[in-house]
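Line by line, the protein sequences give chains W and X.
Position one of the first sequence corresponds to residue 1 (the working numbering), numbered consecutively onward.
Position one of the second sequence corresponds to residue 1 (the working numbering), numbered consecutively onward.
The set of hints was computed from the structure by calculation and includes no laboratory data.
Predicted, not measured: the structure shown is a model, and the values here were computed from it.
Hints are supplied without guarantee of correctness; some may be wrong.
It does not matter which identical chain is meant; a pair holds if it fits inside one copy or across any two.
Computed list of lysine to aspartate or glutamate pairs in EDC-like fashion (alpha-carbon distance at most 16 Å, straight line) [said to hold, decoys possible]:
#1 Lys277 <-> Glu250
#2 Lys277 <-> Asp68
#3 Lys49 <-> Glu20
Protein chains: 2
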Amino acid sequence: MTTSSLTLAVDCMGGDFGPEITLPACRQFLERHPDASLILVGLPEALAKIDWPRTRVVTASEVVASDDPVEVALRRKRDSSMRVAIAQVKDGQAQAAVSAGNTGALMAVARYLLKTLEGIDRPAIATQLPNVRGGATTVLDLGANVDCTALHLLQFAVMGSALVSVLDERRTAPSVGLLNIGEEVIKGNEMIKRAGELLRAAGEAGDLNFIGNVEGNDIFKGTADIVVCDGFVGNVALKTSEGLASMIAEFLKQEFSRNLGTKLAAVVAYPVLAAFKKRVDHRRYNGAALLGLRGLVFKSHGSADALAFGFALERAYDAARHHLLDRVEARIAHAAPLLALGVAAPAGASTAPTNP
Amino acid sequence: MTTSSLTLAVDCMGGDFGPEITLPACRQFLERHPDASLILVGLPEALAKIDWPRTRVVTASEVVASDDPVEVALRRKRDSSMRVAIAQVKDGQAQAAVSAGNTGALMAVARYLLKTLEGIDRPAIATQLPNVRGGATTVLDLGANVDCTALHLLQFAVMGSALVSVLDERRTAPSVGLLNIGEEVIKGNEMIKRAGELLRAAGEAGDLNFIGNVEGNDIFKGTADIVVCDGFVGNVALKTSEGLASMIAEFLKQEFSRNLGTKLAAVVAYPVLAAFKKRVDHRRYNGAALLGLRGLVFKSHGSADALAFGFALERAYDAARHHLLDRVEARIAHAAPLLALGVAAPAGASTAPTNP
Numbered sequence: 001m002t003t004s005s006l007t008l009a010v011d012c013m014g015g016d017f018g019p020e021i022t023l024p025a026c027r028q029f030l031e032r033h034p035d036a037s038l039i040l041v042g043l044p045e046a047l048a049k050i051d052w053p054r055t056r057v058v059t060a061s062e063v064v065a066s067d068d069p070v071e072v073a074l075r076r077k078r079d080s081s082m083r084v085a086i087a088q089v090k091d092g093q094a095q096a097a098v099s100a101g102n103t104g105a106l107m108a109v110a111r112y113l114l115k116t117l118e119g120i121d122r123p124a125i126a127t128q129l130p131n132v133r134g135g136a137t138t139v140l141d142l143g144a145n146v147d148c149t150a151l152h153l154l155q156f157a158v159m160g161s162a163l164v165s166v167l168d169e170r171r172t173a174p175s176v177g178l179l180n181i182g183e184e185v186i187k188g189n190e191m192i193k194r195a196g197e198l199l200r201a202a203g204e205a206g207d208l209n210f211i212g213n214v215e216g217n218d219i220f221k222g223t224a225d226i227v228v229c230d231g232f233v234g235n236v237a238l239k240t241s242e243g244l245a246s247m248i249a250e251f252l253k254q255e256f257s258r259n260l261g262t263k264l265a266a267v268v269a270y271p272v273l274a275a276f277k278k279r280v281d282h283r284r285y286n287g288a289a290l291l292g293l294r295g296l297v298f299k300s301h302g303s304a305d306a307l308a309f310g311f312a313l314e315r316a317y318d319a320a321r322h323h324l325l326d327r328v329e330a331r332i333a334h335a336a337p338l339l340a341l342g343v344a345a346p347a348g349a350s351t352a353p354t355n356p
Numbered sequence: 001m002t003t004s005s006l007t008l009a010v011d012c013m014g015g016d017f018g019p020e021i022t023l024p025a026c027r028q029f030l031e032r033h034p035d036a037s038l039i040l041v042g043l044p045e046a047l048a049k050i051d052w053p054r055t056r057v058v059t060a061s062e063v064v065a066s067d068d069p070v071e072v073a074l075r076r077k078r079d080s081s082m083r084v085a086i087a088q089v090k091d092g093q094a095q096a097a098v099s100a101g102n103t104g105a106l107m108a109v110a111r112y113l114l115k116t117l118e119g120i121d122r123p124a125i126a127t128q129l130p131n132v133r134g135g136a137t138t139v140l141d142l143g144a145n146v147d148c149t150a151l152h153l154l155q156f157a158v159m160g161s162a163l164v165s166v167l168d169e170r171r172t173a174p175s176v177g178l179l180n181i182g183e184e185v186i187k188g189n190e191m192i193k194r195a196g197e198l199l200r201a202a203g204e205a206g207d208l209n210f211i212g213n214v215e216g217n218d219i220f221k222g223t224a225d226i227v228v229c230d231g232f233v234g235n236v237a238l239k240t241s242e243g244l245a246s247m248i249a250e251f252l253k254q255e256f257s258r259n260l261g262t263k264l265a266a267v268v269a270y271p272v273l274a275a276f277k278k279r280v281d282h283r284r285y286n287g288a289a290l291l292g293l294r295g296l297v298f299k300s301h302g303s304a305d306a307l308a309f310g311f312a313l314e315r316a317y318d319a320a321r322h323h324l325l326d327r328v329e330a331r332i333a334h335a336a337p338l339l340a341l342g343v344a345a346p347a348g349a350s351t352a353p354t355n356p
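One chain only, chain W, in its complex shape (with noise of 0.2 Å):
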């Protein structure tokens, strides 16, 4: 293995189909990145006939399954290729970790061996989605916090502008939306109103650029270059998509395939419905990213194909390219004041609703 300044370590074995499509992945990916290196982390028999130029195979002992309990995967399978691939990240073997296994597992993993950044209480989940303008919005948290606080969303926005800003030059002040809801009977509940004004002030002392309120359709019209919410809305507004994209590319193909006649317009209409398809195609967007880590830590979706994963190993390598944790933790710093200060804010406007 020749030294090179770049290295990810993936766990091969994660998500639905494991070293069958996240080796081609890796494959493909050092083609393309001659300063790129990998450490494989995966059963021995799966990476037995690995010898690839910068490439370094390490091996585990165990998986963590798709369904297994965060309880499992953090005190019983201490030899998993998950974990085995965080930590080459912590011990400074890797610049980041990607992988395509069970979201909570990840995060407790991450959380556990890599521990939280500076004034970062709870790390966030942050993917990108395309929007109508033709560029991407990034949003978070989608789903490893519940019950959060309006602090944890000021610190979301946080991270959240310094992964856009990092992931695209072009973008170094780039706009926070704090998601609400509009004209309906009240506006947003306690957390979210205190959340809007932790934001407004982090906007006035220049440590973010808050431009107020977003509504769900915002995310797809591109208003705000990051959009910041609670785990569980954030989770839900993703897989609502999710199901409303497939929904839609069903219906498509079932009046496309309904006679001969619709068949033959198919034909006909091919290379438009072909660039259609990759223009929406979700596997572009595949690869979230766990912020607020002392260690860059990649998701991708579990059902994600060579081609999926290969775009989270691309956000994987552009975060740490760029430097994400070191800008991360700049801006962090930044706002620390403002961090603090609501932290000392009245208790219960910021504390989260959890059962006594």
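Add chain X to chain W, keeping to what the hints say.
Relative to the frame of chain W, chain X by itself:
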């Protein structure tokens, strides 16, 4: 005006376009339903020329604007077309009211005039969304309530079941799913967990056909006939879906108008695209029910055109014709012991997080 078995009161002034779209929709509605009558409510000048069969004009001197705060609609504009239309229901002149006016004002005025049903703390907004099975999924609440308790979600489930069993006669025991998040770190917050327990108990008592947790994508999969959620979450899911659908439509249009070749393909594919468009046409799903009041009120999207407003009228007509109000009341009465149980549960578990 001939006496008729069923009368709807229509706020002709509400929505972005007012009488321009509500009046043609009303006219077409009357033609479709020879057994129905309408009470048209609006400014005298807007309704001056109306001389239709089975139609009575009731004038109002004010209009609730789309950006009027709830307080203005409730306390200042006491002779608004919205309020006068709902008053027709209260006075027994009409079996249901329909308005495209602003949701917050409509809910507040309806609640003030009609009061909530015995056993219901909070009215909810319910709408139908298409699913891939070719049916519709009823989702509530969509924004009338933020910071819901577990008991509220149980009430929504009971009301939603009544609505679906009324609107779709084939579904006598419609299935209910609780909107939750899936594999992620923490499965739902405490309120959702408690709601799950209450819904399970209701299922065991025969009051509901509860099938357990569902995720955002299940709305469009049609996993459950009814999906219950907090109004904040429901509103975000709905608006996000609207945003995504608009983006996809825009992308499809862009691809087909890219150049001469793609425009030609569009001509060939036109019948298929038209069929597809019709199938995903959100106007067909217009008309949300305000449930939990002592009278039927339906809300049309503010941006509805005549076709969409017509669908809202149809929903109100179907609900009135099938005695939705009685059915909701009967269901609530049946579930009363359980609803009382919910109230008696440990306070912390079902209490909304509010700012002290």
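So which hints don't hold here, by number, going up? Violated: hint 2 alone.
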